[in-house]
Amino acid sequence: MRRHSLRLRLGLAAAALIALALVLAGIGLTVILDRVLDARTADGLDRTAKLIAGRVSLAPDGSPILSREPPDPRFATPYGGLYWQVEAGSHILRSRSLWDKSLDPDKAVASGTVDTTGPDGGRLIAVVQPLTIGPGGAETELRVIVAEDRRNLAASRTTFLRLLVPALVALFGVLTLAMTLFVRRALAPFRVLQADLLAVHAGTRTRLPEHFPDEVRPLVHDLNRLLDAQERALVRARDAAADMAHGLKTPLAVLDALARRSEPADPALSAEIAEQARAMGGQVERALTRARIAASGDLRRRSCRVAPVAERLVATMCRLPEGDSLDWAISVPETLAYPGEEGELMEVLGNLLDNARKWAHRRVRITGAAAGDQSLAVEDDGPGMSPAAIAGIGRGQRWDETRPGTGFGIAIARDVAEAAGAQLEFGRSALGGLRAALRWPGG
Amino acid sequence: MNTRRAACLCLLGLLAGAPASASEDADRARQALEKGEIRPLDEILRAAQAAVPGDVVSVDLKHDDGRWRYKLRILGADGKRRTVKVDAGSAKVLDDDDDD
Chain A
1 MRRHSLRLRL GLAAAALIAL ALVLAGIGLT VILDRVLDAR TADGLDRTAK LIAGRVSLAP
61 DGSPILSREP PDPRFATPYG GLYWQVEAGS HILRSRSLWD KSLDPDKAVA SGTVDTTGPD
121 GGRLIAVVQP LTIGPGGAET ELRVIVAEDR RNLAASRTTF LRLLVPALVA LFGVLTLAMT
181 LFVRRALAPF RVLQADLLAV HAGTRTRLPE HFPDEVRPLV HDLNRLLDAQ ERALVRARDA
241 AADMAHGLKT PLAVLDALAR RSEPADPALS AEIAEQARAM GGQVERALTR ARIAASGDLR
301 RRSCRVAPVA ERLVATMCRL PEGDSLDWAI SVPETLAYPG EEGELMEVLG NLLDNARKWA
361 HRRVRITGAA AGDQSLAVED DGPGMSPAAI AGIGRGQRWD ETRPGTGFGI AIARDVAEAA
421 GAQLEFGRSA LGGLRAALRW PGG
Chain B
1 MNTRRAACLC LLGLLAGAPA SASEDADRAR QALEKGEIRP LDEILRAAQA AVPGDVVSVD
61 LKHDDGRWRY KLRILGADGK RRTVKVDAGS AKVLDDDDDD
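For the protein sequence lines, the chains are A and B, in the order given. First residue of the first sequence: 1, per my numbering; consecutive thereafter. First residue of the second sequence: 1, per my numbering; consecutive thereafter.
These are computed hints drawn from the structure, not numbers from a lab. Glycine residues also receive a C-beta, built at the ideal position from the N, C-alpha and C atoms. Heads up, some of the hints might be wrong.
25 Å max Cα-Cα, derived DMTMM-like pairs, lysine to aspartate or glutamate [to be verified]:
| id | chain 1 | residue 1 | chain 2 | residue 2 |
| --- | --- | --- | --- | --- |
| 1 | B | 71 | A | 69 |
| 2 | B | 71 | A | 141 |
| 3 | B | 80 | A | 100 |
| 4 | B | 85 | A | 141 |
| 5 | B | 80 | A | 61 |
| 6 | B | 80 | A | 141 |
| 7 | B | 71 | A | 139 |
| 8 | B | 80 | A | 106 |
| 9 | A | 107 | A | 139 |
| 10 | B | 35 | B | 78 |
| 11 | A | 358 | A | 342 |
| 12 | B | 80 | A | 87 |
| 13 | B | 80 | A | 46 |
| 14 | B | 62 | B | 27 |
| 15 | B | 85 | A | 69 |
| 16 | B | 80 | A | 43 |
| 17 | A | 107 | B | 78 |
| 18 | B | 80 | A | 104 |
| 19 | A | 101 | A | 61 |
| 20 | A | 358 | A | 415 |
| 21 | B | 80 | A | 139 |
| 22 | B | 62 | A | 69 |
| 23 | B | 85 | A | 139 |
| 24 | B | 85 | B | 27 |
| 25 | B | 71 | A | 46 |
In silico contact screen, one side only, chain A against chain B (beta carbon under 8 Å); selected entries [said to hold, decoys possible]:
| id | residue |
| --- | --- |
| 26 | 51 |
| 27 | 131 |
| 28 | 132 |
Let the hints inform the model, and build the full structure from the sequences given.
Have a look at this one:
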């Protein structure tokens, strides 16, 4: 996907937000887990403290004694991770697990949960339970402390994280996939619009369909209005060109007639007038073609298949003088398409074929190539052209005054071809004569 | 109240899970209850906690002079431990002194 793809950007933004949300969720869940673990541990310690509180009594010397110790084996294992301690003033009774140390939580905490340091330096979570025993008047204040090593909790936390992280990663994958599909679905109208625009470019469609969601419809509507306006302008330009051509045809015919009439009196002047009239006709035709081509350079890139046009033109050429005696060879792939309207191709190829017809001795060859850059060449076995003459074609210059009607045709063909994005090149043919080759980008 | 009751019963479970002698008094209590000589423990606990609010931290069933008596230790919210004696046959609180 390209860097400026909306889909890519939306997808990345969604993925980033999902990742952020899941990271926050992971942190939140870990905090909640820590709280729950603390609360659960404190609850268990509190029960043990109450169990001890129910069993503790005082010896005659005032030291606390326990009728039975709490059953957990960790209380009996030195540094076992679970500890209890009963304080009665200076007399202290401890679990065996404390071994050579004591619990010493903050004295300010009279009751509740507190953090303290264990015998082996580890962090402990401790529950302090104050206790008053003895008959009224002879009461003794005691303190029961039960504590558990936080490393026991850390093991539960590690187990939780080992499950949580893959779960969140999997969730990220699923959500990102869902968002990708969502974005794809949301941008679907633009893909359809793109395909429809391509169809308009290719000429298989003149307008865009209007069945788009409300958000896209104004754009489609405006594009359609633009297409319609172009179509109208094109029609107007063609009409104007046709009107002008018809308007000039009669005066030029009159001029030609006048030239012929004055031939007996002054052959030189008559020939000159006829020549100038013909030149005017050529220039007018060229100018009109240019105007028409310019007007059709719109959004739509039309295309037409070359082979049928070539066959039709050759059939026409065979009916013209000198045409039937020539050997016309057509070798054009069926898939070859010219990037313009059929009329334009008729104009270009017609001029080239007509030129070949006039100059060829016996053979004219039409070849096409549809692979990569596409091309269409017209070759003849006539006298060919000098490089200087070839250079003159671009300027609309005639290169032979002995054959009427030549020169302008080639120049018009070049104008029309260039308007469609094709190059017209001239060179020497293997047949011996001129090779006129049209070349345009493939695809 | 329910959670506290549950906590109490758990604590009692802990008590019962202790040495063999504890199981013996539990066996005695079950047999007495089956014979109809005592009320169930939940009634006893309800009556004791109504008289002295707090967590029951010790349960002791005694048989003297032909009567079953429960001796309960209840730890109040103030940390004071009180002994409550309840007649096991009638679930009546006999005595709630400060402690033994």
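Do the hints match the structure? See the list:
no.: 1; hint: B:71 / A:69; in the structure: 20 Å, holds
no.: 2; hint: B:71 / A:141; in the structure: 22 Å, holds
no.: 3; hint: B:80 / A:100; in the structure: 30 Å, violated
no.: 4; hint: B:85 / A:141; in the structure: 23 Å, holds
no.: 5; hint: B:80 / A:61; in the structure: 21 Å, holds
no.: 6; hint: B:80 / A:141; in the structure: 9 Å, holds
no.: 7; hint: B:71 / A:139; in the structure: 20 Å, holds
no.: 8; hint: B:80 / A:106; in the structure: 21 Å, holds
no.: 9; hint: A:107 / A:139; in the structure: 20 Å, holds
no.: 10; hint: B:35 / B:78; in the structure: 39 Å, violated
no.: 11; hint: A:358 / A:342; in the structure: 24 Å, holds
no.: 12; hint: B:80 / A:87; in the structure: 15 Å, holds
no.: 13; hint: B:80 / A:46; in the structure: 15 Å, holds
no.: 14; hint: B:62 / B:27; in the structure: 13 Å, holds
no.: 15; hint: B:85 / A:69; in the structure: 24 Å, holds
no.: 16; hint: B:80 / A:43; in the structure: 20 Å, holds
no.: 17; hint: A:107 / B:78; in the structure: 17 Å, holds
no.: 18; hint: B:80 / A:104; in the structure: 22 Å, holds
no.: 19; hint: A:101 / A:61; in the structure: 23 Å, holds
no.: 20; hint: A:358 / A:415; in the structure: 21 Å, holds
no.: 21; hint: B:80 / A:139; in the structure: 9 Å, holds
no.: 22; hint: B:62 / A:69; in the structure: 22 Å, holds
no.: 23; hint: B:85 / A:139; in the structure: 19 Å, holds
no.: 24; hint: B:85 / B:27; in the structure: 20 Å, holds
no.: 25; hint: B:71 / A:46; in the structure: 22 Å, holds
no.: 26; hint: 51; in the structure: 6 Å, holds
no.: 27; hint: 131; in the structure: 5 Å, holds
no.: 28; hint: 132; in the structure: 4 Å, holds
Taken one by one, the earlier hints fail for this structure at numbers 3 and 10, listed in ascending order.
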